[in-house]
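Whenever a hint applies, use it, and build me the whole structure from the sequences.
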Amino acid sequence: MPKKILTVKNLKKNYHTDNDEIVALKDISFDLFEGEIISIVGPSGCGKSTILSIICGLENKTDGIINIENNKKVGYMLQSDCLFDWRCVFDNCMLGLEIQNKNTIENKKYVLELLNKYGLKDFINSKPSELSGGMRQRVALIRTLATKPDILLLDESFSALDYQSRINVSNDVYNILKDERKSAIIVTHDIAEAISISDRIIVLTKRPATIKKEHIINLTNKTNPINNRKCKEFNDYYDQIWKELDYDV
Amino acid sequence: MMYSKEHILYLNKKKKEKIFIKIMQLSIIIIFIILWQLLTSFNLINRFIFSSPLDIIKTIIKLFKTNNLFHHIYITTIETIISFTLSTILGLLFASFLWHKKTISKILDPYLTILNSLPKVALGPIIIIWCGAGFKSIILMALLISLIITIINIYQGFESIDNNKLKLMKALKANKKQIYFKLLIPSNISNIISTLKVNISMSLIGVSMGELLVSKEGLGYLIMYGSQVFNLHLVMTGVLLLCILSTIMYYLVCILERIIKNKRFSQF
Chain A
0 MPKKILTVKN
10 LKKNYHTDND
20 EIVALKDISF
30 DLFEGEIISI
40 VGPSGCGKST
50 ILSIICGLEN
60 KTDGIINIEN
70 NKKVGYMLQS
80 DCLFDWRCVF
90 DNCMLGLEIQ
100 NKNTIENKKY
110 VLELLNKYGL
120 KDFINSKPSE
130 LSGGMRQRVA
140 LIRTLATKPD
150 ILLLDESFSA
160 LDYQSRINVS
170 NDVYNILKDE
180 RKSAIIVTHD
190 IAEAISISDR
200 IIVLTKRPAT
210 IKKEHIINLT
220 NKTNPINNRK
230 CKEFNDYYDQ
240 IWKELDYDV
Chain B
0 MMYSKEHILY
10 LNKKKKEKIF
20 IKIMQLSIII
30 IFIILWQLLT
40 SFNLINRFIF
50 SSPLDIIKTI
60 IKLFKTNNLF
70 HHIYITTIET
80 IISFTLSTIL
90 GLLFASFLWH
100 KKTISKILDP
110 YLTILNSLPK
120 VALGPIIIIW
130 CGAGFKSIIL
140 MALLISLIIT
150 IINIYQGFES
160 IDNNKLKLMK
170 ALKANKKQIY
180 FKLLIPSNIS
190 NIISTLKVNI
200 SMSLIGVSMG
210 ELLVSKEGLG
220 YLIMYGSQVF
230 NLHLVMTGVL
240 LLCILSTIMY
250 YLVCILERII
260 KNKRFSQF
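Same order as they appear, the protein sequences are chains A and B. Each step along the first sequence adds one to the number in numbering that gives the first Met the number 0, with nothing skipped, and position 64 is 63. Each step along the second sequence adds one to the number in numbering that gives the first Met the number 0, with nothing skipped, and position 168 is 167.
The hints are simulated quantities; they were obtained by calculation from the structure and are not laboratory data. Positions of the beta carbon are idealized from the N, C-alpha and C atoms, including for glycine. Check each hint, because a few of them may be wrong.
[Stated by the list, open to error] Capping the alpha-carbon separation at 20 Å, the derived lysine to aspartate or glutamate pairs in DMTMM-like fashion look like this:
(1) B:K166 - A:E68
(2) B:K166 - A:E105
(3) B:K172 - A:E68
(4) B:K169 - A:E58
(5) B:K176 - A:E97
(6) B:K169 - A:E97
(7) A:K177 - A:D161
(8) B:K262 - A:E58
[As the list claims (entries may be wrong)] Just a few of them, taken from the derived set where beta-carbon distance is under 7 Å, the chain A residues facing chain B:
(9) L57
(10) Y75
(11) S79
(12) G95
(13) Y109
Structural data, given as structure tokens:
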């Protein structure tokens, strides 16, 4: 039985403007288990990214409980790769470690290993502008992995890519997550991406967001996101989630 | 490397275009000087009021022979460098402070706007009373002219930082000092250098203004003295020397820009 590493219970978030108080998240509860990949899908602007921001500590919650077991480390990857143009690929990957004063030889070796393992060894000294969109996302993921987080939060991390790169990068990311045995919460608006990459999908309602439905994804011959799209259950899940989201559009 | 015939033609075309632009740029100033000289030589314009290129050259030689030429240039250069350095350092520090203390930035915002739009020369008499008619007043005048615009430009650069990058730094648990040195400064290098380019011109304007008001030496003083004794050759010489000085200083900042941009910022 996998261990529970994150608990989100009755999470609420209100935003305050000059004219109004907006209830963004009403009542969100879910758990994340070790090695599990969860996707959160929902209508645009329903507060999917807010959940990640609160878990990561970038925003305060209004109410509820966020419990990260044994102070496990959280890594956050945004929609844009946010690579620093003035740093080479290696230095970009070292950013988190530098900030946390963990700029040690072992960690440098670990980053080099990751770059090597994920096909970027020839680009260590390249500037981000010399990389393709897919390669940039891989560098951003290695930067996140370099600090050795236990839980990864991916906020629409592939949405800036073209369709083909997006499928390839999501495949790469899936393999990296499984290789490194990481747990992840992925926010996406792409239903197919969510089904192909996740173990579980949480469907949110429109604002104020609550959980509408949870789907445990059981695909026969589940291998990787590209092949998972060919599984016979794929279309059934797609139709179900599409209908659930359709009511809220 | 072997190039195709079309590529060689393309490169030649680009080269010719570049040479043409340089020739045209040079022609404008040469035609202007020749025309100016001809108009005065044939008494079509009043030489006493408009001066002439030959008179300017004669004035420069005269200033050189009396050991005054380099002295006035030196004084103006030193004053400009001092005010440029001061306004750059103070501007960067103040803009950083405003970025660090958002509430203070909001409180001071209208005052910075008022100070920026105020014609600083109006403060000339006050500055003379406060600091006396000398070096201090000139530096203060130059600082008033260049400092506010430096603060505003650098601060605006800080404020327009990519929010996602800021979010990333916070997600990596960076403190304010780390955000400042690892993100804010390196991502604002281009903006800071552009501000330096504006700043060098502003400092020279400020110094000239100060010299016009209070000085007994410097290129601003030459212009003021020339106008008082109605020696238009001296006035035009002063203006020309200021023009050359500002061009040299601007290109020095451009060289600095190239050095900084060529340097890798991995240490940030």
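Now the hints, each set against the structure:
1. B:K166 - A:E68: It is violated: about 24 Å lies between the C-alpha atoms, which goes past 20 Å.
2. B:K166 - A:E105: Violated, at roughly 27 Å.
3. B:K172 - A:E68: holds, 19 Å
4. B:K169 - A:E58: holds, 10 Å
5. B:K176 - A:E97: holds, 13 Å
6. B:K169 - A:E97: holds, 13 Å
7. A:K177 - A:D161: Not satisfied, since the Cα-Cα distance of roughly 24 Å exceeds 20 Å.
8. B:K262 - A:E58: Judged against 20 Å, a Cα distance of about 37 Å means the pair is violated.
9. L57: holds, 6 Å
10. Y75: holds, 4 Å
11. S79: holds, 5 Å
12. G95: holds, 4 Å
13. Y109: violated, 16 Å
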